[in-house]
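Below are the chains, spelled out letter by letter.
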Amino acid sequence: MHYESPVRQPLILGDKSYNQITEDVVRPIENAAPRSWWMVFSIALVMFLWGVGCLAYTVGTGIGVWGLNKTVGWAWDITNFVWWVGIGHAGTLISAVLLLFRQRWRMAINRSAEAMTIFSVIQAGLFPVFHMGRVWMAYWVLPIPNQFGSLWVNFNSPLLWDVFAISTYLSVSVVFWYVGLIPDFAMVRDRAVNPVQKHIYKVLSFGWGGKAKAWQRFEEVSLVLAGLATPLVLSVHTIVSMDFATSVIPGWHTTIFPPYFVAGAIFSGFAMVQTLLLIVRKVFKMEDYITVQHIEMMNIIIMVTGSIVGVAYITELFIAWYSGVEYEQYAFLNRATGPYWWAYWSMMTCNVFSPQFMWFKKLRTNLVFTFVISIVVNIGMWFERFVIIVTSLHRDYLPSSWSMFSPSFVDVGIFVGTIGFFFVLFLLYARTFPVIAQAELKTILKTSGEAQKKHHSDHGAHH
Amino acid sequence: MAHTTEPTPVVRALYHDDDVLISAVKEIRAAGYQISEVYTPFPVHGLDKAMGLKETRIAMAAFMYGLLGLTVAVTLTWYMMINDWPQNIGGKPNYNWGMNMPAFVPILFELTVFFAAHLMVWTYLVINGLYPGADAQNPDPRTTDDYFMVELPAADGLVDVLKKSGAVEIAEA
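Heads up: the protein sequence lines correspond to chains F and B, in order. Under the working numbering, read the first sequence as residues 1 to 463, first letter to last. Under the working numbering, read the second sequence as residues 1 to 173, first letter to last.
Please note that a few of the clues may not be correct.
Pairs of lysine-lysine, DSS-like flavour, derived with a Cα cap of 30 Å [as the list claims (entries may be wrong)]:
#  : chain 1 : residue 1 : chain 2 : residue 2
1  : B       : K49       : F       : K446
2  : F       : K213      : B       : K49
3  : F       : K211      : B       : K92
4  : B       : K49       : B       : K164
5  : B       : K54       : F       : K446
6  : F       : K446      : B       : K164
7  : B       : K26       : B       : K54
8  : F       : K211      : B       : K164
9  : F       : K454      : B       : K26
10 : F       : K213      : B       : K164
11 : B       : K54       : F       : K211
12 : F       : K70       : B       : K92
13 : F       : K213      : B       : K54
14 : B       : K26       : F       : K446
15 : F       : K213      : B       : K92
16 : B       : K26       : F       : K213
17 : B       : K26       : F       : K282
18 : F       : K446      : B       : K163
Computed spacing ranges between beta-carbons, pair by pair [what the hints assert, rightly or not]:
#  : chain 1 : residue 1 : chain 2 : residue 2 : range
19 : B       : P86       : F       : L367      : 58 to 64 Å
20 : B       : P86       : F       : F353      : 49 to 55 Å
21 : F       : V7        : B       : N94       : 58 to 64 Å
22 : F       : S406      : B       : V105      : 35 to 41 Å
23 : B       : T71       : F       : L367      : 49 to 55 Å
24 : F       : V412      : B       : D135      : 46 to 52 Å
25 : B       : G46       : F       : L100      : 18 to 24 Å
26 : F       : A56       : B       : R57       : 49 to 55 Å
27 : B       : G32       : F       : Q197      : 43 to 49 Å
28 : B       : W97       : F       : W37       : 53 to 59 Å
29 : B       : V105      : F       : R102      : 27 to 33 Å
30 : B       : G46       : F       : I308      : 38 to 44 Å
31 : B       : P9        : F       : K213      : 20 to 26 Å
So, partial list: chain B residues that the calculated Cβ filter (under 7 Å) puts toward chain F [unchecked claim]:
#  : residue
32 : V38
33 : T40
34 : E110
35 : N138
Just so you know, these hints were derived from the structure itself, not from any lab. Every residue, glycine too, gets a C-beta built ideally from N, C-alpha and C.
Whenever a hint applies, use it, and build me the whole structure from the sequences.
Next comes the structure, spelled out in structure tokens:
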């Protein structure tokens, strides 16, 4: 009944029972935080507070405190925005697309990947809001009657599409995540001894009792949400890319942008998932659930999407030349050989060259190497957005207004602050939420558990 | 109002394995007893069929909510951009909604998804009786860990059927 081909490697290592999965998942919640958690949390909190200070300074003084100038009107702010949104995409890919494809290995990693999605989209949202300058007018992006603002919002504008795309994406990701969390919170509630803890998880678990009809609806809701989230996640980075592609700036005005941005988003998102999960599995001793096979699968996705991104870079170069438009040709020549050549070649090395190591099984199953590559990829993807944005802007049609961009300490501070904020949220999550979707994982124990598979193959002659 | 009926006594049987549970549910129903509820720590595939539950219609509800979202988006874009305050934006044609429609596709899509997802989840919470702070629906806390519970109205000879079906613990309440 629970047969699975012996060719497939077990997804849950060791001899686990349902109860053992429960115990392993609640351990970080029920035990005191290790010293290393407090150390990392303190560092993240300081970074976050520094970012808050820089944001306060920006709001109080104006965005003139950033390094922007008349020629380069978008730089680190929008780079960081696109970078964070892109990182978010892997969470939805894992929980929605892999659900539709019935990939069982998603179950050990989808909870943390979705948490990463939500926390990184929160960081992303900060940048366009503060780039408005007068943040107290941020409600002008909402379709509200004229007497509140100047006019109706402009539904022809990609920037407004972005408002709708990002807010839909964030809110749908939150409910998708929470629907899955309810049964797991109920599990924590039913074990809790401390009355305060029991009450908190009672509130969070919404009274879940695991009734048969509720589970039937749960599975249907998960499937429909996955079906909705899949085109949604593709639409989000498509629309982000249209912020650029619908303008007439050489280097931005290209039809390849939507698929190219989506591939890049998955690429960077999976790299961030690797960075986070390699730490989580070690610190919380989840090696039996987040196995080397999981890491290897994600490395293969990083390799494939990294190669797609590489093909996109080369296509861009070719089309720039083939178009015969001299402005377009210059924009790309300037990227590769102009004053920002170092950013372009960092991008090429990190994004196109480094994932090719993953063709080798020895390297893609090596955890230290994976960790290093995951950081390299994230640096590379930050450079990609910087290259697209700044190198296209800094030399425009009028050579007399050509300029360079250098970030002010406020630009750096806000970026560092969002990294701190992200880790503050993720570290709090890792201590208080079940980091593995244990209810879902229990459904595959009999088919994909190591001991259970061995039992099947030992008694396989009867089949 | 005076008590006209005694609360029906229920029998709760605990099982320790999902395969035993499924076969037990089939045996209990074959013996002619009505199962009122089954509590499980995870979705046990095939349980709804074994219990004879109807298929859920929540996906159809989501589809209707999506259509509602689409309608809202069409109304919103038509009223603001065509009817109330038409403007020439980048030379995009705004004589009627249809001509301006290609620029509205992202908004139409996002609002469809927004309505379908959120209203479906609200519906899901309401019909399952889930809300912040609600009391736990499961009578035994072990059923969110590794036990499976069948709940059914007490009847003659039921305990023997349950014992035979592999129940590890039987309680009457």
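Evaluation of the provided hints:
| no. | hint | in the structure |
| --- | --- | --- |
| 1 | B:K49 x F:K446 | 20 Å, holds |
| 2 | F:K213 x B:K49 | 11 Å, holds |
| 3 | F:K211 x B:K92 | 54 Å, violated |
| 4 | B:K49 x B:K164 | 21 Å, holds |
| 5 | B:K54 x F:K446 | 27 Å, holds |
| 6 | F:K446 x B:K164 | 24 Å, holds |
| 7 | B:K26 x B:K54 | 16 Å, holds |
| 8 | F:K211 x B:K164 | 23 Å, holds |
| 9 | F:K454 x B:K26 | 29 Å, holds |
| 10 | F:K213 x B:K164 | 25 Å, holds |
| 11 | B:K54 x F:K211 | 14 Å, holds |
| 12 | F:K70 x B:K92 | 28 Å, holds |
| 13 | F:K213 x B:K54 | 9 Å, holds |
| 14 | B:K26 x F:K446 | 21 Å, holds |
| 15 | F:K213 x B:K92 | 51 Å, violated |
| 16 | B:K26 x F:K213 | 17 Å, holds |
| 17 | B:K26 x F:K282 | 44 Å, violated |
| 18 | F:K446 x B:K163 | 24 Å, holds |
| 19 | B:P86 x F:L367: 58 to 64 Å | 59 Å, holds |
| 20 | B:P86 x F:F353: 49 to 55 Å | 52 Å, holds |
| 21 | F:V7 x B:N94: 58 to 64 Å | 59 Å, holds |
| 22 | F:S406 x B:V105: 35 to 41 Å | 39 Å, holds |
| 23 | B:T71 x F:L367: 49 to 55 Å | 51 Å, holds |
| 24 | F:V412 x B:D135: 46 to 52 Å | 50 Å, holds |
| 25 | B:G46 x F:L100: 18 to 24 Å | 21 Å, holds |
| 26 | F:A56 x B:R57: 49 to 55 Å | 51 Å, holds |
| 27 | B:G32 x F:Q197: 43 to 49 Å | 44 Å, holds |
| 28 | B:W97 x F:W37: 53 to 59 Å | 55 Å, holds |
| 29 | B:V105 x F:R102: 27 to 33 Å | 30 Å, holds |
| 30 | B:G46 x F:I308: 38 to 44 Å | 39 Å, holds |
| 31 | B:P9 x F:K213: 20 to 26 Å | 23 Å, holds |
| 32 | V38 | 4 Å, holds |
| 33 | T40 | 5 Å, holds |
| 34 | E110 | 4 Å, holds |
| 35 | N138 | 4 Å, holds |
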